[in-house]
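Enquirer: Chains as they are written, first to last, in the working numbering: chain H, 1 to 117; chain Z, 118 to 201; chain P, 202 to 327; chain S, 328 to 853; chain C, 854 to 1005; chain E, 1006 to 1107.
Because the hints were derived from the structure by calculation, they are not lab data.
The reader is advised that the hints may include incorrect statements.
Capping the alpha-carbon separation at 16 Å, the derived lysine to aspartate or glutamate pairs in EDC-like fashion look like this [to be verified]:
1) H:Lys9 - S:Asp838
2) H:Lys9 - S:Glu834
3) H:Lys69 - S:Glu724
4) S:Lys680 - H:Asp15
5) P:Lys323 - E:Glu1088
Computed list of chain C residues with no C-beta within reach of chain S, every gap over 12 Å [to be verified]:
6) Ser864
7) Thr887
8) Leu913
9) Asp956
Ranges between beta-carbon positions, derived for each pair [to be verified]:
10) S:Phe410 - P:Gly311: 54 to 62 Å
11) S:Tyr445 - H:Gly94: 25 to 33 Å
12) H:Asn95 - P:Leu293: 47 to 55 Å
13) S:Thr510 - Z:Ala131: 26 to 34 Å
14) E:Ile1027 - P:Leu293: 25 to 33 Å
15) Z:Ala169 - S:Pro331: 44 to 52 Å
16) H:Val115 - S:Arg362: 52 to 60 Å
17) C:Gly951 - S:Ala616: 53 to 61 Å
18) C:Gly952 - H:Asp98: 54 to 62 Å
19) H:Val104 - P:Asp275: 54 to 62 Å
20) H:Trp67 - Z:Gln196: 45 to 53 Å
21) C:Asn949 - S:Asp677: 54 to 62 Å
22) S:Ala359 - P:Asp275: 54 to 62 Å
23) C:Ser939 - P:Asp272: 47 to 55 Å
Note that the structure is a prediction, hence the values are computed from the model and not measured.
The beta carbon of each residue, even a glycine, is placed where N, CA and C say it ideally should be.
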Amino acid sequence: MFGLNFDIKLGLDTDGGTWTALLFALMALVAFIIAYAIRSRGIKGHKEREHVGEPFYFGNIVPSSAWVKSGNVYWGFVKAMERYYRPVRGEHTGNANDYISWMVVAMTAIILMVVFL
Amino acid sequence: MISLADGVQIVVLAGIVLSALFVVRMRDLISAAVALGACSLLLSLEFYILQAPDVAIAEAGVGAALTTAIFIFAIKGTQRREDY
Amino acid sequence: MSILGLSPLMFLFYLFLLVAIVFNGLGMIGLLRFPDVYTRLHAATKCTTFGSIFLALAVIGYGLINWVRSDFADTTALTFMVHTFLALAALLLTNPTGAHALARASHRAGVEPVMAVVDRLKEVKK
Amino acid sequence: MMVPEFFQDHAPILVVILPLLGAFLTPLIGKASSRAPRYVAALFLLGSLAMVAVLADKVWSQSPIPVVYTLGAHSGSGINPVFRIQLVVDGLGVLMAIIMGIVSTAAVLYSWSFIDKYSGQDKYYTLLQLTAVGAYGMVLTGDIFNLFVFFEISSIALCGLVAFRTERGESFEAAFKYMLYSTISGVFLLFAIGIFYGEYGVLNMGVISEAMSSAGGASVLDKIALGLLVTVFSLKAGSVPMHMATPDAYSEAPGGISAIFVAASQTGLYALFRTSFTIYGHYNPNTGAFNLDTYTLGWIVVILGVLSMFIGVTMALVQKDIKRLMAYHAISQTGYMLLGVGVGIAVLSDPAKMTAFGVDAMRGGIFHIINHALYKGLLFLTAGAVFYRLQTRNLNEMHGLGHTMRFTTVFFMIGALAIAGMPPMNGFSSKLLIYESVYQFNPIIAVIAMLVSVLTLASFVKVFYSAFLGPKPENPPEDAPTSMLIGMTILVAVIIVFSLFPGLVVERLIDPAVRALLFPWLAGGV
Amino acid sequence: MMRPMSKIVRSMGGVLYPLIAVFGGYLILHGHLTPGGGFQGGAVAASAVALVVVAYGGTLYKKGVLSTVESFGLLLFLGAGLIGMSAAFFANTLANAGGLFGDAVSFGVTDAGLNTGGTVPLMNIAVGCEVIGGLGLIILALSKAAFTREVD
Amino acid sequence: MIEDTFLVVSGFLVLYILGASIRLAAGPTAPDRAVALDTINTLVVALMIALGVAYYEVIFIDIAIVYALLSFITTLYIARYLEERNVGGEAAGETTGTEGGA
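So that you can see chain H by itself, here it is in the shape it has in the complex (with noise of 0.2 Å):
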């Protein structure tokens, strides 16, 4: 069944040349562990020293307040990008009448395109 036979192939051949994932899965689970391996050696119970680095919350217990909140991530590029963001939001009207005169747009440049092109 299904045509099985048992030599997988295990790359996938593009144009630049073959995409292994398990060989690269295998290499990330070398670094992994190497990586772990370094870890292990270092200090244990850094924890217990208190208020190392105040302003940085890393090893601490985070109080809630302290937590950015998602609709502030990436204030700053949103800001960036508001020559942008205000056309395409403003077209998000949420009003049905929107959506379809959208669609009739479309539509209409598709079947030009097709027509005359």
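Assemble chains Z, P, S, C and E onto chain H, guided by the hints.
Expert: Quick look at chains Z, P, S, C and E alone, frame taken from chain H:
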């Protein structure tokens, strides 16, 4: 020269178009539902004249009784006048 | 024996058709010309029902003629008669009921009869 | 394993009618017991998946010649496709059926707990199975009118499912918008079918393409029909600028349904590719001409794809609603598929370019379809699990779910890595194929595609950061119920297999689909 | 709940309701011989339901009955398709096979009897049940929804 | 021969239908329009009978029967609606208190 049968058909088609226009133009939704009833009535008649009794019965069954009933219920459940 | 060059049966048939046309037309004119809902309803329903009865009678007569002419072999003509009779029966049952429902509804909806001085139904209801 | 001959013979129709039978049995069973519908639905969808497997075996063994099943006639008796309803199953159709089978099975198991608290479960399962019927029918039929019928079935069933949670007013609004969109597009689809029928008097897609070919290529009316079809199907797939209703519908649908929604939307892509290749890309070996010079059509599809990719991902980046964010990503990922196959359409009449990169682009695009259905389905399921525990979809109100919802977190991470195209996940394999081949077609578009991939990663980092990392919440939620975890595990298992063996998957699954699309082209010996 | 209409309408509805229902049944059963068929007959019969709903106030029908009729119709339709599975789905294997709808018909224009047609009449009946159930449910649900809405 | 006579009759009837639809358009109140619809219904049934003879098809008379029965239901629904509401239909000020009875 238009034959009599063609004349009948032309008048019926004109009636369909007219009543469809009423449906769209009327602000009073119950009148629009009445006009829709007339529209589907004439549509059924048109199918009948085109010798498609099958479709005419379907149009009669759905268009005459059921759609009007559904529209009346819908208008009853919402509001009678179209406002914008 | 013939009337206007037609056999009596054919004469009756054409007469019925004439009556149908005339009365249906009167119904339409009444619908257009009368002043309020009740009179319009009266004109339209009564005349069109009457006209349709005569049209159906003409069709039945036509079926009868064909049936008789074919020596009672043309079953299609017979079915015509029966089915037209059924259609007529349906019309006769539904039309007055519909007219009644409409008149009652208009009265309940508060449509005043134009030019009416007394409205006994309203008085009774009150 | 031996499959009885009965199932072998009737597999194409059994795929469609098993869920149909289940859908109509469900309300009857639901009168007797309120818990029975879930088992019926799962049973029939599993049966349907098994039939898909049988069908897939049959199709792949005779690829690229499609499996033809004629309704209402003894096979082998003089069958005239003009008068018969036929199911024509080839590599692409069976691939879509596999997607639908896996996702619907996962979703139905997931729904066991998800809608446990709601009334009207029999209707939910009925509609769920009807959605599966619509999708299966759309991808298996060879008759364009049947395609319309199944298109409507899946649209209407999905509309009912979007409005399932009646305690939310937004659900009705989203369902209404989706209904409006799909009804109007259905009317235009019917109009296009009417044009075909008026011109050629047939409804079978293969026969239409041959009739068009013998009439000397596509006429102006055919081109208008093509424009309508492209619009309608890209609307169904949720491509910009006809995407407006999809974020609403995806985000308001119950968790399991959003996953099915993705798979059902992709039938729109299937239909688009089917019309582009089978009807309009038909190659006439006698005259050496195609029905239509598909270069313009290819560019239209590519432009739709690029727009969808970019606008989808940038809109996703600013969303605060977790499911809405994922819905915009669904639009964005649809763009990749349109891009990949659009390149294939554009170079269809140019054999040199086709062999150089067109085939690879199509492989990438089609591989992306199945990848996307899997990981986006998984992501929607995890989002549904989060919603199930927190009763909110607002990312601002979440933090630290990773402390307690451990499995959900891991599953989300797998899905997010896959959608962002991080190696070694399956998303990377398909995107790699698309990048490399599209770069040869037009470098700028390839760069945009990579940028979009980066932005995708960015927005999923945002979700992961704000929902799963961070301080432990005051009332830490439990992990998702077992049946939901089972549903997610199915998808995760398939994703991992697809990730680790991309070469095998492309060879066994994707190449038959590509060969099926290019079948007239290959048969013509270009 | 909606009020019933006047007595005249009610008694006339009582007379006409069986007439319409029987006519719908006639259209369904004669579907394979004359114009009409499952959908048309079902729609006409569902109009009978609509008549009763409007004349008597919609208390006479139970939703459960109609939905059972609908499910039964759908299952019967699929069952009629499955009967032909020995050849193909929807194959008309009952035709000319004897039995209820299996009388043979000679080729050409004939006066075919009611008991011919194989699975086609079965499918008509199934579609008829489904349409009666579905449209009747719509009417019933809408009448309840429209007349129990609180004024806001 | 006689069939042509029926065609003439149907020509008249169709003109009457057009005339009645003037009332459908013009009718100042909704009941007027409903009356016009009722009239058109009757006329269409008559027309269907006449045309049925003109085409000499029995099944066409069946459609007339169906239509006569079904158009009645439409009339009932409209009447049912009008019973409850004022003609002007200023929905804002209305109450739906009449429904409470049954």
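Enquirer: Hint by hint, which ones does the structure fall short of?
Expert: Result: no hint breaks.
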